[in-house]
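K.L.:
The chain contents come next:
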Amino acid sequence: MKKSITYYPAALIGKAMYRLMRLMHKNATNLPGEVALILCPKLLSCFKMPKTVIVVTGTNGKTTVTNLIGNALKKRGIDIITNSLGGNVDTGVASVLLANSKLNGTLKKDTVLLEMDERSASRILPYIQPDYLVCTNLLRDSMKRNAHTGYIFNRISPYIPKKTHLILNADDLISSQLAPENSRTYFSVNQLEGEIPTTDNIICDILYCPKCETKLEYKMKHYNHLGKAVCPKCGYTNAQPQFKAFEAKGGTLSLEHDGCTEKYPLPNDRIIDVYNTTTAVSFLRTYGWNEDEVNDGLKDAEIVKTRYDKTLLRGKNFYNMLAKGQSSIACSATFDSVRKIKGTKGVILILDDFYDGLHSSENIAWLYDTDFEFLNGDDFTQFVVGGARAEDVKIRLMLAGVSEEKIICCRHEMDTYKLLQWDKFDNLVLLYEVYNIGYAEQIMKELREEEK
Amino acid sequence: MNCTIEVLYPEVCTIFGDSGNMRYLYRCLPEAKWIKTELNDKPYFVDNDDVSMIYIGTMTEQTQKMVIKRLMPYSQRIKELIDNGTVFLATGNALEIFGAYIEDTTEGVANVLECLGIFSIITKRDEKNRIFSLVLGNHEDLEMVGFRAQFTQSFIAELDKPFLNVTRGLGMNEKSNIDGIQQNNFYGTYLLGPILVLNPYFTKNLIKKITGEDVPLALEENVIAAYNKRLEEFKDSKVHIH
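From first to last, the protein sequence lines are chains A and B.
No gaps in the numbering here: position 229 of the first sequence is 239 in the working numbering, and each next residue is one more.
No gaps in the numbering here: position 231 of the second sequence is 216 in the working numbering, and each next residue is one more.
The following block holds chain A by itself, in its conformation from the complex (with noise of 0.2 Å):
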């Protein structure tokens, strides 16, 4: 393609941006690309892409699934380039193909692996022409960010090039509809043993057959909409999967392709990591991989463990989850692994939006799509609620049926671990707002302190 006139300006200053900002130790995921594309906004364009072009997006586990795919290649010995520490929106991506360029515009790797935030789509996918997209679920997020589902896809669908082959939840009425010209590969979940299904949530994204309006019949859901519906009048239902997950136990995922039962490891149980493992494994197989291809590389595979970890403190479990902020639907999806946590639990609760917090009042309408009702049970007996919002939070518990006497708030998060009454739990829970990770971190330590 020929390159626009400002393409070797914008690319120059990028790259120079890039290598400064990393000999001072500054993370450089943004900026370059930034300045670059304020120079030259068809920047991205004007890349040399290589063989492979992969790009992941979704509303939630688009960061596992790149790990695990990102992790799965490098470990079979295929040199990548990935935005897998940086930023997921055009800033990012041009920062990451800026820092692994020639200045011409070849990239130094065949294999490019690209998380991808849902909203920029129309701004990446045009321009680098994925070979494949991966979709893990479109779900409602957050209202400032997102607006509601409808919205995204609007925002993804007419932006995929023809060539780009999906792979799409086929247990998702509304993601799995994207691009309906495209070649694609469904994956699914069924019901798992032991699994007991959601069918609670105050949220569910498609009700109504989006070919004739009559309202679809559930047969089961995972989560929210995530699940098996049909249409009592046309007859309208989810599309067959390829890849079907239908055992995680032992650390192991068992799913049907082609009429075979093929075995994963699976790094744990929880319902959205059995869709991240199976989203990975659904890739990597039409990627081309051989079942012992794809264990290899998934082998020892870990969620990060700042969204999810066990461990033992002053004798009790100690679970620290990531409860996104803004984000009904996660948050509820957090609430319900919470509660069906075995014994009495105390809860820590730290979902103030970081950001907001410092220079604004934040919306809480997401507090009432949020299924606080989950954390309602004679076996939570004890929440500490931090933050500016700490009275809303307690508000929302209250609604959803929590008695006044189990609810201690507080202004600042780092005081919430010092109000917690350990008598009165088995478990203790600290959830806590993605940005607010730094304040989890802290408080870990501090308990740890106090432990000593």
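Errors might be hidden in some of the hints.
[Stated by the list, open to error] Taking lysine-lysine pairs in the DSSO-like style, the calculated list, with each CA pair at most 27 Å apart, reads: (1) A:K225 <-> B:K54; (2) A:K238 <-> B:K21; (3) A:K221 <-> B:K223; (4) B:K21 <-> A:K225; (5) B:K193 <-> A:K221; (6) B:K113 <-> A:K52; (7) A:K58 <-> A:K85; (8) A:K172 <-> A:K36; (9) A:K229 <-> B:K27; (10) A:K13 <-> A:K61; (11) A:K173 <-> A:K58; (12) B:K21 <-> B:K193.
Treat the hints as calculated values from the structure; they're not laboratory data.
All values derive from a computational prediction rather than experimental measurement.
The hints should help you fit chain B onto chain A, whose structure is shown.
P.N.:
Showing chain B alone in chain A's frame:
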């Protein structure tokens, strides 16, 4: 207490936390008769005169089309109920369906969607231009707080009475400092989410209109404390509005 509250299409018209309004109102009025009308049901208000309040909340643009199609045959009945003083609460973009039309310019060409035509409101939608703001305003003698998030700007005739005079944050279009519309007991506002939880004094007045009685609010002390805190924040010039 003898009152009937109909919630229109709660399964699809509560996308931005609006379900909090009915969850809260239910806690305040557990003895009321509650009717939840789904999208393919005939609304209760069509054949019954005992409806005290009708609620409808925020929906997707696609759902707006479906809702308008279903309510259009009953637009005269809705007008009659408004004229008779039935309480209506429409939050977020539900307000738009009661207006004249919605003009969508997202794709560069104007697509016009005819609405129920009960009020003069006209709406212009551009999905490439999202509006997000905290809102502080006056509704009669009350200060109200809330949030808006939308792709639209709306315009009402000069003679129409707005729901809010906005004192901080964005109004219903770039040039106005008003929000929503009010006529008799119809309250339409772009404020979305759990506005009844956020605005306890408005909720008290609303309940009095529905029941004719002074009813204590659920969790009254807590919601008033949270309201006062938020009011203070919204008035603080250091707090960004969006």
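K.L.:
Look at each hint and say if it fits the structure.
P.N.:
Hints versus structure:
no.: 1; hint: A:K225 <-> B:K54; verdict: holds (16 Å)
no.: 2; hint: A:K238 <-> B:K21; verdict: holds (25 Å)
no.: 3; hint: A:K221 <-> B:K223; verdict: violated (49 Å)
no.: 4; hint: B:K21 <-> A:K225; verdict: holds (15 Å)
no.: 5; hint: B:K193 <-> A:K221; verdict: violated (43 Å)
no.: 6; hint: B:K113 <-> A:K52; verdict: holds (20 Å)
no.: 7; hint: A:K58 <-> A:K85; verdict: holds (25 Å)
no.: 8; hint: A:K172 <-> A:K36; verdict: violated (38 Å)
no.: 9; hint: A:K229 <-> B:K27; verdict: holds (26 Å)
no.: 10; hint: A:K13 <-> A:K61; verdict: holds (20 Å)
no.: 11; hint: A:K173 <-> A:K58; verdict: holds (16 Å)
no.: 12; hint: B:K21 <-> B:K193; verdict: holds (21 Å)
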